[in-house]
Amino acid sequence: MASRFGNSNSIWRQPLAVVGIVIISFWVFAAIFAPLISPYDPLAQDSDKFLTPGALHWMGTDELNRDIFSRVIYGARISLPYSILLVVLSALLGSIIGGISGYFGGRIDAIIMRLTDMFFAFPAIVLAMAVAAALGPEIRNAVIAITIVSWPVYARLVRGLILNAKQNDYVTASSLLGSSSLRTLVVDLRPNLAGPVFVLASLEVGNALLLLSGLSFLGLGAQPPAAEWGSMVSMGAVNFDRWWVGLFPGLAILSAVLAFNFIGDALRDALDPRTAKALRD
Amino acid sequence: MKPVPAKVSVFRKILRGTGFFPFIVKRVLTSILLIFGMTFIAFSITQLVPGDPVAANLGQSAYSDPEIVAAFEKEFGLDQPVPVQYLRYIQKLSQGNLGISLSSKRPVNEDLKEYFPATLEIALIAVVIAMILGLVLGTLSAVTRDRLPDQIIRVVSLTGVSMPTFWTALVFFYVFFFLLGWSPGTGRLDPGAEPPPQVTGMFTIDALINGDFATFRQAFSYLLLPAIVLAIYALGVLTRFTRASVLEILGNDYVRTARAKGLPEFTVIRRHVLRPALLAIITVAGVSFASLMAGSVLVENVFSWPGLGQYAYRAAVGLDLPGIMGVSMVVATVYITMNLIVDILYRVIDPQLRKAEQ
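Chains as they are written, first to last, in my numbering: chain F, 1 to 281; chain H, 1 to 358.
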């Protein structure tokens with residue numbers, strides 16, 4: 001990886017990327033050590049409610065007097081792993097479909113590409129809402145729903161890369177030597193794909209987190225009493241005059257998405273220009 | 001009926017041709033096929049996942065009564081086998097009929113006529129705001145590349161695309177309605193106010209047509225806040241894209257020539273950089289217009305804006321397939337039409353593209 005991204009434009013030289021890495025490290029740390037960091041049980045309730053932020057409750061409390069700071073910390077345990085899982089699933093699914101399309105070409109390719117066109121024309125959130133509602137509101141189902149709508153970007157990228165790579169002599173040589181299609185696809189072509197797919201995935205983690213918390217905000221993702229950032233913001237929407245209820249979980253989402261975007265941007269810029277262009281198209 | 005050979009051959013000629021007219025015909029035909037294909041995808045996906053639209057739309061007591069369930073299924077054709085349901089839907093769709101909504105129990109066409117203009121109104125304003133600001137910020141960012149203004153604009157635009165829309169809406173609502181009192185609140189008009197007679201369905205325009213300036217001002221004050229929130233995401237996208245296009249063009253020889261001729265920098269940017277960049281920027285603006293309409297789901301939820309997004313949400317929760325399809329069709333049609341217009345524009349403007357295809 002180090003040689004691919006080069007030394008002169010290593011992402012460690014880009015200040016924004018470093019900021020991103022620091023923020024994500026913070027959230028990873030928060031997720032792992034949540035029970036040690038948070039001063040209260042994120043689900044503990046009592047008879048008070050809506051305490052303003054202060055020395056006892058840094059970010060105040062919500063309508064069941066649960067400590068918002070503790071809930072925001074615990075929220076990292078839901079939002080981060082599920083959005084990364086979501087991106088991994090979409091990247092895998094998209095790469096497999098795009099790989100088949102690009103490698104076999106012809107009619108299969110034509111059919112798959114029309115299929116991705118249709119998915120692109122679909123308003124992703126509408127389809128995701130429908131699938132999430134049909135599967136039943138639960139964070140796992142929201143992940144499945146968003147995966148179903150977000151694989152086509154990867155399929156397009158992988159197909160394009162394979163079409164390019166197929167023109168190389170070593171691929172022809174490999175198939176002339178009698179390698180099976182599957183072997184050619186996996187052994188010879190995969191190294192060409194790993195870098196760009198990884199970069200695209202890193203650019204998509206932020207979007208995944210936004211969509212996932214959006215579905216939870218609408219009540220189609222994580223369910224109460226789970227401490228999930230999107231559904232915590234929806235509590236803030238119900239009680240909009242208590243600014244702290246929605247503000248802090250939203251800031252948590254913003255910081256994590258921004259950090260992922262900083263890193264993704266830097267990774268893309270660090271790639272060689274040809275693949276960077278394939279990512280933009 | 002006998003086939004008419006002459007007509008068929010003309011049709012074939014059009015499809016095989018490379019001129020401008022065949023190109024448009026081909027694109028329109030593929031667009032229509034695309035829409036029909038989408039209905040198939042939506043139908044298959046919603047059939048594959050479990051979920052009972054009858055349970056979602058009937059109350060608990062009604063759902064436990066088999067007679068009511070049977071009547072409901074019969075009314076909406078849910079008692080038929082799935083392929084038959086799909087064929088019936090397609091049949092109606094080809095006549096422009098989107099079916100009856102399971103959740104509102106009204107024709108989807110009528111529902112959309114009511115909800116679509118509300119979303120169109122905020123999305124149009126949002127895209128205009130985003131385009132003007134995006135063009136200015138993106139160009140400024142590109143010409144000051146790697147210097148302070150560029151750094152600031154890049155962070156700001158990245159922040160724009162990273163903000164959760166539902167949260168931004170909430171923060172704006174709190175600040176401009178609750179704290180400052182500048183915004184009149186949620187909805188499209190004051191409670192009890194009479195909407196202007198429907199022509200376009202967009203209250204501001206209808207009020208103007210009617211010459212009713214008081215209603216225009218009121219409708220405008222209600223829509224400004226949701227439109228601005230909606231614009232933020234698109235603004236981030238457009239700023240970043242403008243910057244990239246302008247940077248690419250700045251590297252061209254003719255820009256160096258223009259500078260060498262001693263033209264003032266402002267003229268070089270305006271005439272030799274922005275003009276060619278504009279087309280690419282309009283492309284992205286067009287495509288992001290469709291995503292704005294989809295993005296309105298979350299904004300409308302916070303502002304209780306009775307638009308397509310709210311309708312889509314209700315349809316999704318009610319597993320109301322005709323409703324979901326109706327919304328998707330509308331957004332997809334906007335998306336496809338935008339792409340089509342852009343493709344046509346490209347062919348009109350760029351002679352190389354025409355040549356390449358021949």
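Be aware that one or more of the hints could be misleading.
To give an idea of the chain F side of the interface with chain H (calculated C-beta under 10 Å), a few residues [claimed, not checked]:
| id | residue |
| --- | --- |
| 1 | Ala30 |
| 2 | Ala34 |
| 3 | Ser38 |
| 4 | Pro39 |
| 5 | Gly54 |
| 6 | Leu56 |
| 7 | Trp58 |
| 8 | Asp117 |
| 9 | Ile125 |
| 10 | Arg140 |
| 11 | Leu209 |
| 12 | Gly250 |
| 13 | Ser255 |
| 14 | Leu258 |
| 15 | Phe262 |
| 16 | Ala270 |
Stretch-level coverage of chain H by chain F, calculated; a stretch enters the list once three of its residues show a Cβ under 8 Å from a Cβ in chain F [claimed, not checked]:
| id | region |
| --- | --- |
| 17 | 44-50 |
| 18 | 64-77 |
Everything labelled a hint here was simulated from the structure, so no lab data went into it.
Ideal placement from N, C-alpha and C gives every residue a C-beta, glycine not left out.
Status of the hints after comparison with the structure:
no.: 1; hint: Ala30; result: 18 Å, violated
no.: 2; hint: Ala34; result: 21 Å, violated
no.: 3; hint: Ser38; result: 21 Å, violated
no.: 4; hint: Pro39; result: 24 Å, violated
no.: 5; hint: Gly54; result: 20 Å, violated
no.: 6; hint: Leu56; result: 24 Å, violated
no.: 7; hint: Trp58; result: 19 Å, violated
no.: 8; hint: Asp117; result: 6 Å, holds
no.: 9; hint: Ile125; result: 5 Å, holds
no.: 10; hint: Arg140; result: 13 Å, violated
no.: 11; hint: Leu209; result: 9 Å, holds
no.: 12; hint: Gly250; result: 3 Å, holds
no.: 13; hint: Ser255; result: 9 Å, holds
no.: 14; hint: Leu258; result: 4 Å, holds
no.: 15; hint: Phe262; result: 7 Å, holds
no.: 16; hint: Ala270; result: 16 Å, violated
no.: 17; hint: 44-50; result: holds (count 4)
no.: 18; hint: 64-77; result: violated (count 0)
When the structure is compared with the earlier hints, violations turn up for hints 1, 2, 3, 4, 5, 6, 7, 10, 16, 18 and for no others.
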